[in-house]
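Going by our numbering, the first residue of the sequence shown is number 723, and it counts up by one from there.
Keep in mind that the hints are not guaranteed to be accurate.
Claimed, not checked - Using 16 Å as the maximum straight-line C-alpha spacing, the simulated EDC-like pairs for lysine to aspartate or glutamate come out as follows:
hint: 1; residue 1: K857; residue 2: E738
hint: 2; residue 1: K859; residue 2: E846
hint: 3; residue 1: K857; residue 2: D845
hint: 4; residue 1: K857; residue 2: E846
hint: 5; residue 1: K859; residue 2: E738
hint: 6; residue 1: K946; residue 2: D867
hint: 7; residue 1: K857; residue 2: E770
hint: 8; residue 1: K766; residue 2: E792
hint: 9; residue 1: K859; residue 2: D882
hint: 10; residue 1: K859; residue 2: E872
In short, the hints are calculated from the structure, not lab data.
Keep in mind it's a predicted model, so treat the numbers as computed, not measured.
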Amino acid sequence: MNLHNARIDTLNSTAEGIGSFVFSHFHQKKLTFSTKNDGSIVTKVDQEAELRARDLLLTQYPDDGFLGEEHGEIAGSSGYRWVVDPIDGTASFARGVPLFGTLIGLELEGEAIAGAANLPALDESISAVVGQGVKYKNQRTTVSDTSSLENAMICTTSFDYYKQTNSEQIHSLLLQHAGSIRGWSDCFAYLLLCTGRIDAVVEPLLFPWDIIPWLPIIQESGGKYSPIAQGGIASNHNLHDSLYHALHENTTN
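Can you make the complete structure from the sequences, with help from the hints?
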């Protein structure tokens, strides 16, 4: 096995292992959390899980780079970089809501080449390698084929993030054009998208660790992603251009 393929195996095993560690603390009665400068919350479990992931990955591949939500970036020299969100959906995790997961992405020379998401409370996991398809319950999975916005089910996030990014107009346009909107967000929304259960995800604020692990999965499941505001739109190909035009061009012209 070459080092590239070995990294893919490590990606999947680490996502599963860190997801299991996080899940072992789910429903912890005295779970404490604090608020970060960007308004999001963080728990000690987030911080410890990221350190565990970093130690596992960089012990095996010490020349690789690393970017994590909680502890920042470590530069590497190999051309590879790991991107980790130990708990995507910390607000849900901290309140006993099972819509959270561990995200790990792998970049090569700045391009996302593989990603894995483990949602342990739902017993769900999905991963992909660019050019090699999606791995989901040992079966083929694709995005939906919905082609009209009026029939589309679209997931988005809290209105607070639209206010935070001064993109309230995008939210208004989404309400105007989408057939159905659901408030499922974070990793759960992207899981639904990539398995064909919803048609699009719109988020006005995303950080690299939120989306980089998903880019290969979106691509390999037949979807498409485009930046918008400080976040992005992910959808099936049939909807993408019309959704992007409705939300992006109307806010910039």
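Hint by hint, here is what the structure shows:
{"no.": "1", "hint": "K857 with E738", "in the structure": "holds, 13 Å"}
{"no.": "2", "hint": "K859 with E846", "in the structure": "holds, 8 Å"}
{"no.": "3", "hint": "K857 with D845", "in the structure": "holds, 14 Å"}
{"no.": "4", "hint": "K857 with E846", "in the structure": "holds, 11 Å"}
{"no.": "5", "hint": "K859 with E738", "in the structure": "holds, 14 Å"}
{"no.": "6", "hint": "K946 with D867", "in the structure": "holds, 13 Å"}
{"no.": "7", "hint": "K857 with E770", "in the structure": "violated, 27 Å"}
{"no.": "8", "hint": "K766 with E792", "in the structure": "holds, 10 Å"}
{"no.": "9", "hint": "K859 with D882", "in the structure": "violated, 35 Å"}
{"no.": "10", "hint": "K859 with E872", "in the structure": "violated, 31 Å"}
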